[in-house]
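Those protein sequence lines, which keep their order, are chains Y and F. Note that the UniProt record's numbering numbers the first sequence so that position 124 is 124, with each residue one more than the last. Note that the UniProt record's numbering numbers the second sequence so that position 26 is 26, with each residue one more than the last.
Hints are not guaranteed to be accurate.
Any copy, or any two copies together, can satisfy a pair, since identical chains are not distinguished.
Here are the simulated lysine to any residue pairs, SDA-like style, with alpha carbons at most 20 Å apart [stated by the list, open to error]: (1) Lys-155 with Ile-50; (2) Lys-155 with Leu-44; (3) Lys-121 with Leu-142; (4) Lys-155 with Asp-45; (5) Lys-121 with Tyr-36; (6) Lys-121 with Asp-35; (7) Lys-121 with Tyr-43; (8) Lys-102 with Ala-72; (9) Lys-102 with Ser-160; (10) Lys-155 with Thr-113; (11) Lys-102 with Ile-164; (12) Lys-121 with Ile-39; (13) Lys-102 with Gly-112; (14) Lys-121 with Glu-42; (15) Lys-155 with Thr-47; (16) Lys-121 with Tyr-41; (17) Lys-155 with Asn-46; (18) Lys-121 with Pro-38; (19) Lys-155 with Asp-49.
Since the hints were derived computationally from the structure, they do not count as laboratory data. Just so we're clear, the structure is a prediction, and the values are computed from it rather than from any experiment.
Number of protein chains: 2
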Amino acid sequence: MSKESENKNQDFKIEKNQNEDEHGASASNEDVTFDYPPIKYEYLDNTADIQIHSWGDSIEESFEQAAMGMFAYMTDTDLIENRDMKQIDIRADGDLQNLLFKFLCEWLEVYGTEDYFIPRKIEINLFDRNELRIIARGYGELFDLSRHTQGTEVKAITYSNMQIHEEASTHDVYVIVDI
Amino acid sequence: MSKESENKNQDFKIEKNQNEDEHGASASNEDVTFDYPPIKYEYLDNTADIQIHSWGDSIEESFEQAAMGMFAYMTDTDLIENRDMKQIDIRADGDLQNLLFKFLCEWLEVYGTEDYFIPRKIEINLFDRNELRIIARGYGELFDLSRHTQGTEVKAITYSNMQIHEEASTHDVYVIVDI
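This is chain Y alone, in the form it adopts within the complex (with noise of 0.2 Å):
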């Protein structure tokens, strides 16, 4: 507290405001002297969240929606060109929850470890039931600051939550994600 203000209790005539509104009167303020106080706060333990809800004609629909709605979350995806394309190609233990988890981690994975690349279109090619193994290509290109819009960033994919809803006719996906 500045030196100024260590007196301000016994400075600080409470009467003046009693028949003020709630919030006290506006005040022209010209005769406030404004020394602004330094800063003495900072910002920590940022958690936030989003889910992620997709639908499809397939299964496959679904997963690939769910991949491209992640990435319209960090940016405007209506401004990725077409000009490169990644595979991927993923196998998963047990069930199709931890495929959909696996399926999104590489496309972080890819984002992460190919200078950014954004796709814009995600195709499955091979959907392996049986096998919980998928292939898929995603059409775009790599983040470029200068073209694109900046949304927010996606850091994980979690099972929070997780549904898959094979048997509704929109074969329903929901998926929350850490941002």
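Given chain Y's structure and the hints, the job is docking chain F onto it.
Chain F only, in chain Y's frame:
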């Protein structure tokens, strides 16, 4: 899934990429006919929070700094001018944590009910530890998108992991707010 892609598993030649890099070689994609897929995803249930840590030469200053830190997350307060003053007068129940909670809530309410008034400087004029009462003034102006930058709006104050270290020489305060 589009009609074209229904037969893609047959058309797709896995062998083609077997000797390539992990994510497949880059391709010029000139031969790819591009019908970008429709959007079948949406974003739900966004949750996020940030922890504000503030400190000061007194507990009053730490409270002031926590509130100024809260507004500085919502906009660059260096651009806020001293055009207006709002006063708050609050009483808490029980302990200092409730006092800090109500102090920050009240400033959020001023922001929400007084046409987005943003204080750049907040001064506590009365800090009564026995009565758990604070009278404070905020000096600033109404948020104006044409002159001010848009940060992230603080939606609510929480008690989650709230800490008030009165005994420390820096009187550290930690409060997590929903954004």
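The hints, checked one at a time:
1. Proximity of Lys-155 and Ile-50 under a CA criterion of 20 Å is satisfied in both settings, with 11 Å inside one chain copy and 16 Å between copies.
2. With identical chains, the CA atoms of Lys-155 and Leu-44 are at most 20 Å apart both within one copy (17 Å) and between copies (17 Å).
3. Proximity of Lys-121 and Leu-142 under a CA criterion of 20 Å is satisfied intra-copy only: 13 Å inside one chain copy versus 43 Å between copies.
4. Taking the shortest alpha-carbon separations for Lys-155 and Asp-45, both the intra-copy value of 14 Å and the inter-copy value of 17 Å come in at or below 20 Å.
5. Only between protomers do Lys-121 and Tyr-36 lie at most 20 Å apart by alpha-carbon distance; the minimum there is 6 Å, versus 50 Å within a single protomer.
6. Proximity of Lys-121 and Asp-35 under a CA criterion of 20 Å is satisfied inter-copy only: 9 Å between copies versus 54 Å inside one chain copy.
7. For the identical chains of this complex, Lys-121 and Tyr-43 are inter-copy neighbours only, at 18 Å across copies versus 36 Å inside a copy, given an alpha-carbon limit of 20 Å.
8. Proximity of Lys-102 to Ala-72 under the C-alpha cut-off of 20 Å is restricted to the intra-copy arrangement: shortest distance 19 Å within a copy versus 38 Å between copies.
9. Within a single copy, Lys-102 and Ser-160 get their C-alpha atoms as close as 14 Å, which meets the 20 Å cut-off; across copies the closest is 32 Å, which misses it.
10. Proximity of Lys-155 to Thr-113 under the C-alpha cut-off of 20 Å is restricted to the intra-copy arrangement: shortest distance 13 Å within a copy versus 35 Å between copies.
11. In this assembly of identical chains, the alpha carbons of Lys-102 and Ile-164 lie at most 20 Å apart only when taken from the same copy (14 Å versus 42 Å across copies).
12. Only between protomers do Lys-121 and Ile-39 lie at most 20 Å apart by alpha-carbon distance; the minimum there is 11 Å, versus 45 Å within a single protomer.
13. For the identical chains of this complex, Lys-102 and Gly-112 are intra-copy neighbours only, at 15 Å inside a copy versus 43 Å across copies, given an alpha-carbon limit of 20 Å.
14. With identical chains, the CA atoms of Lys-121 and Glu-42 are at most 20 Å apart between copies only, with a shortest distance of 16 Å across copies and 40 Å within one.
15. Taking the shortest alpha-carbon separations for Lys-155 and Thr-47, both the intra-copy value of 11 Å and the inter-copy value of 15 Å come in at or below 20 Å.
16. For a Cα distance limit of 20 Å, the shortest separation of Lys-121 from Tyr-41 across copies, 13 Å, qualifies, whereas the shortest one inside one copy, 43 Å, does not.
17. Both within a single protomer and between protomers do Lys-155 and Asn-46 lie at most 20 Å apart by alpha-carbon distance, with minima of 12 Å and 14 Å respectively.
18. In this assembly of identical chains, Lys-121 and Pro-38 lie within 20 Å of each other by CA distance solely across copies; the values are 10 Å between and 49 Å within a copy.
19. Taking the shortest Cα distances, Lys-155 and Asp-49 sit within 20 Å of each other both inside one copy (9 Å) and across copies (15 Å).
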